[in-house]
Structures are given as C-alpha cells and as structure tokens.
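Those sequence lines, one after another, are chains A and B.
Just so you know, we're using the working numbering here: the first sequence kicks off at 1 and counts up by one.
Just so you know, we're using the working numbering here: the second sequence kicks off at 1001 and counts up by one.
Hints should not be assumed to be uniformly reliable.
What the hints assert, rightly or not - Capping the alpha-carbon separation at 30 Å, the derived lysine-lysine pairs in DSBU-like fashion look like this:
| hint | chain 1 | residue 1 | chain 2 | residue 2 |
| --- | --- | --- | --- | --- |
| 1 | A | K155 | B | K1003 |
| 2 | A | K165 | A | K155 |
| 3 | A | K471 | B | K1118 |
| 4 | B | K1018 | B | K1030 |
| 5 | A | K218 | B | K1008 |
| 6 | A | K311 | B | K1234 |
| 7 | B | K1194 | A | K103 |
Said to hold, decoys possible - To spell it out: a stretch of chain A is covered by chain B in this simulated footprint if at least three of its residues, at any positions, have a beta carbon under 8 Å from a beta carbon of chain B; those stretches are:
| hint | segment |
| --- | --- |
| 8 | 210–220 |
| 9 | 308–315 |
These are calculated hints, taken from the structure and not from any lab test.
Yeah, the Cβ is synthetic: ideal placement off N, Cα and C, and Gly gets one too.
Chain residues, written in single-letter form:
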Amino acid sequence: MTETIQEKFLPKTVPFVPQDIYPHVFQIFIGWSWDKLYRRDMVMESGLQFQALRTTNDAFFVFLMNLQADRITVVDEVLAHHRENLTGSLSATREKSWDCCFKAVHAIQQELKKRGQYELVEQSFINWALNFLLWNIYSIDSVSVKEKLIERMRKVYFSELGLEKYPREYFFDSNEYEEYQMIRTQGRLREEADLGEDEDNEKNFRNTRAGMMIESVKYILSEHRKNIRLLIKMAFMNMDRQTVRSSLGMVWTYFHDIIYIFVFVAFRLLMAGNGSVMGMNSTVYMMTGMIPWFFINDVLSQGSMAIRSNKGIVQSIRFSVTILPTIEVLSIFLKRMFSFVMLFAVVTAFGYIRYFDLLLFLYYLICAAALSAAMNLVISAFVAVSDDFRQLYDALLRVLIYTMPILWDFSYVKSVWINVLLRINPMVYVVKGFRDAFVLGPTQNVGYTAYFWGCVLVIFMAGSYVQDRLKKYYADFV
Amino acid sequence: MEKAIIVKNLSKNFYFFKQDYRILQWLFTKKGYEKERQVLKEISFEVGKGEIVGLIGVNGAGKSTLMKLIAGITYPSSGEVEVNGKVGSLINLSAGFHPDYTGRKNIYYKGTIMGMSKTEIDGIIDEICDFVDLGDYFDQPLRMYSSGMSARLGFALAVYSRPEILLIDEVLAVGDKNFQKKSRQKVVEMFQQKKSVIFSSHSDELIRQFCSRVVYLRGGRIVFDGDVEEGLLKYNDDLRGKK
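Start from the sequences, fold in the hints, and give me the full structure.
Here it is, written out as structure tokens:
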C-alpha cells in the first residue's frame, strides 16, 4: 500500500460501503482521481462532473463519488504512476490558479449541504478543508501570490467555510490549527519567531560570527549539491581547456611533468650519486613526492584563478559562482589521473611494487582532493578580487616546493622547531602519504592525521565563509 | 494575473578604490573605499506577462545594471527583484565562449553553463545552425570569427533556449545589416509568442514599434513609467535641454 491511502482509517474488510468511512472519508483517500477506477454506469448515473477549474478540478468529483459509491475496495498492486515536479505542469505552476483550491472546497461544502449529508461528514470535511488550503499556500513559490492567497483566506475563505465556530479540539492537527489562527489574526504564516524561545536563541546564535560561518558552510554545501551534475559536466569539459588548440592536447601536460621529473632526478644523480634516502632509491623518493606535488601545484596556481579566468561567465551569465573553485579542482584531478598511473608504472619498473597499498593510495588521493578543494575556496576568492594578492601569492608559491619533503627529506633538518614549523603545512601530510602508499607502508601517526583533517575542516569553513560573503560582489569586481 | 518581473525599492551601489588591496579591507570592514556611487536609487516597477516594456535613458543611467540585476547576474545592494519564469538575457552575447572551441562546441559549452542538458541542446542545435548561417565556420574555432559572427552565435543560443522573459540590452544595434535584420525578425517572432520583455534601446523608432509601455531611467531613478510617446517626448526634451 502506498502513502496515498491512510491505512489506519480503512475498514478491516473489503469491499466496504461509504458509511463505513464517514468519520474520515476526506482523510483516507486523496482528492485526485488518477489512482482510482470507477464503474462507468455508476459514474453516468451519479451526474457528478469535474469542475471547470484550472487546478483541483477533480476534488469535487472524487470526494462526492466516495460518498455515493455502492461499494469501495482497494488493491495492493500499483496500477498507475504519477510523475512529479515537471516544470510547467499545472501543479508546478499553481500560482496561476491560486484561487481554484477554494472554489473546489466551497463547491463540495455546498453540495454536501444540499444533499443533507454535511453533518455526517462535517468534521472530516472541515479538517481536510483547512489542511488542503494550507497546503496550497505552502506549494506556491511566488511571494506575491502567496501573500494574496493568505489575504484572501483571512478575509473571505475562512469565514465562508465557517471555520471560526470550531474549537481547537475539533482539529486533528494542532499545528494546522495554530497556522490557521496565525493567518486569521496576523495575516501571515508562522515564522521562527513564533515557535518559542528556543528559536529565539537560535536566531541570536546565527548572528554571531560562528553562526554565520555555519550558515556559510550550509550554503556552500547546498550550492554544490544543487549543481552537482553541472559541476561534474563542467569539470570534464574544462579538462583540456589549456591544451585544446594543440594537436597533442593533454599529452603536453604529461610531457611537462616528465621533463620536470627528469631534470630534477638527473640533477640529483649528478650532484649526489645514486644514494638512498629513507631506505629507498633517491629517484623513487623524489618521484613519489613529485606526483602529488604536481597536483597540488596545479591547484594552487591554475586552480586559484578559477573565478578570475571565468570572467565571462561571472559577469554575464546567471551562474552559481561559488562552485567554480571546486570545478577547477575536479578538472585538474581528472587531468592528472594519468600521472598517477604513470607513477605506478615507474615504481613498478624500479622493482618496489612488492609494497603497493591500494587502500592507502586511494585514501591519500581523497586527502589530496579534499585539501585542494578547501584551499581553493579560500584562495580563489581573494585572487579574484585583488591583483596585489595574486602577485604576492604567486611569488610565495614558487618557494613552496622547497619547504616540502619532495626534493629533500626532513631528516636532514636538525632543529626541532624548524621541523615542527615545516610540518604545520597540511600538504606535507599528503606528500608523505603518497610515499607511504607506494613504498613505506603506513608511517603517519593518528595525531598528525587528526591534525590534517582538522586543517581541512578549518580551511573549508574559512573558505565557505569567504565565498559566501564575496559572492555578491564577484560580478562587480572581478 | 501574475507578474513576470517585480522590482521593489531596488538600489545598487558601486564602490571605487584608490588602491587594489583596499578592496579586501572593504569586504571585511565595510571601510576603505574612496568613492561610493549609487547607480540605482530605490527603483520600483513591474512587468506583466506578455508585456513589452521599453527602457530608455542616457548611457550611465543604470539601464544595463538594472538588466543584470533582473537577470540574476549581480546582486542588489538593497531592495528586491522577483522574477517568474525563465530569463534569457541578451546582454553580452559572446560571453562564456571559448575561443579555441568550434562554434558548435561552444553552443554545447555555454548551453551547459546556462543550465541546459545535452538532450535539450541536441534538440535545438540544428535550428541554431540554420539561424546563424555560418556555413563551414560553424565547425571552426571561434577565434576565427568576426565579432558579428560571435554575436550571432550568442544571440541564437539565448533566443533558442526558449526563455519566457527576454532582457534585450541594445543588442539589436550590434552587427552588420544582415544580422540586424535577422535578429529583428526573430525578436518580433518572440514578441508575438507573448514573452515578457524589457527592451533597452537608443532608437526611438524601435521603441515605438515594439513597446506598449516605456520606463525612463535618469540618474538611477525612474522619472517616467507609462505611455510610449509621452516617455519618448520627455526623454528627447531632456536630451535637447542638456545640449
């Protein structure tokens, strides 16, 4: 049985007659007709028709037929399906026929009175009427139409239906009763302010910096969720943006990487021979550090321009700009998938495959992605609006590779303080992690892991806050 | 009848900074700007479904800003904008295109950015191809196009994406005579389909031809909202007065 039938009110045996369900006849079944089958001769004899309304034209027919049927039965099989949320459907554009709900309700009431059946089903009807009218208000998106409907309810509909003579206990749902009273006395729906002191405190919290930050995080997450398909599509589309004109395309990116690694490896070999670092071949040491570095570096330099390089979109198209940084990160991620495969191949060739931990690798991949996405939220915001920031940032970026255990290892540093200082950078966790996945096995302790994820969380919150505050100004200042 | 566009007490401020980094100071402390200019001052008006409203005023009066606010591209400083229906903005036609993608690929690219699904774009790509009449150029990279050709592409996409509300910001004056003729024809077609339109133009003739009502924006305020002839008269008087 589906939610379109209130089973708790159904009689124990089927088929049954309308009298068996009088107390809840307006609650058991919904007023639409598409989940019901009627005997043709019964319909013709009844003289009942659909109302000539744009929406809610079936309620009159359905409810009155419920009352005059010879027999009613229910089946468990699903015989019909009902598509929801089609834009442009009559239901989805209810604001165009906002008064139809009352016309239907009123017509039913009149007909019941005419037939002398009103007293028999009065409570069920009144409860349904209120519930249905409220539902109509809620289902309308347009603010102006909503207000109009509420006004009309207050001034006309409630009294036409005679709602004022029923006490609170008459109503099955006390929330609906409260809402009815709110509309009747104050002409509006209940808001947070009316729901008690607890809500007041919540509002005060929201105005604090911490509260605003949580709101920002919620906002950013919801924007990402709403646009997830677009996000993924654009990430794939943007993958080859920088190399689309060339004939070799993305191959050039890998060519870049190979040259880079080659030069550093060759330099190292020339200067210091084929020594070993941390118990592994120095070449492998460097490579396992380089690959995550390429990814991080791309995010920090190319990714930071995510908003700025999309000036056209930001200034001229209605778009959820806060998802641009993440699109860029995902795009870089996809582009560099190949690098990871390449590294795997090289490390195998060097004979270190005896330890490859796929789980660790995937875990650190996730770490890299999470950290990059969080960082990019923050950085792309500032880069987008201030060129001074961008210049300073670019300069510092060049130095970054030397502060990480890629070209050299931290064990060379004697001072404890400098060691700690260098490890404050959460990217170090990722670089070390990749090395773990390919050669060493898990070496990072729980403390550092906790620190890393703490960093990601804090950076993400800061990034959300900044993006939320700046989103209104991108179109004006980029 | 429900309105297509409702603008209530809308204001928009722009800020100018002496040094680039001051903008960061302003974003978090609301201080540090050199100048503040209120481009729109408490604007209120409505556009009904199927209404074609002309928007007139000198350059800098705030017309483009108003269009951008209605299109949802930028945000109000105060007040509100309510829009009921899908908006097609003919404001900056070649924005969002990538110079290295072909015309065809750019339609898919920008169409996706505008929120259309691949199936939707598949459904209109042929119509667009016919309309823009670019021949072989349609499958050549955009950097080989003239500005008029890019404009045609942008125009076609905006128009064939089947918006219910059109915001036209002087784009009918862009491009060569052929494009102007074609775009005008297409726009007339859309007017006949009862779209709601805000039509910003410097051409009195076009305003007279298309609009049932005119809104005159001067110095960020609406100084007239009503009959087309009256509005145009007032506008032209002001222009002459300035000279």
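Results for each hint:
1. A:K155 to B:K1003: holds (23 Å)
2. A:K165 to A:K155: holds (16 Å)
3. A:K471 to B:K1118: Holds: K471 (chain A) and K1118 (chain B) sit about 28 Å apart, inside 30 Å.
4. B:K1018 to B:K1030: Holds - the C-alpha atoms of K1030 (chain B) and K1018 (chain B) are around 15 Å apart, at most 30 Å.
5. A:K218 to B:K1008: With a Cα-Cα distance of about 28 Å, the restraint between K218 (chain A) and K1008 (chain B) holds, given a limit of 30 Å.
6. A:K311 to B:K1234: violated (37 Å)
7. B:K1194 to A:K103: holds (28 Å)
8. 210–220: Coverage by chain B is violated here, the residue count being 0 at a Cβ distance below 8 Å.
9. 308–315: Held - the segment 308–315 of chain A has 3 residues with a Cβ nearer than 8 Å to chain B, which meets the minimum of three.
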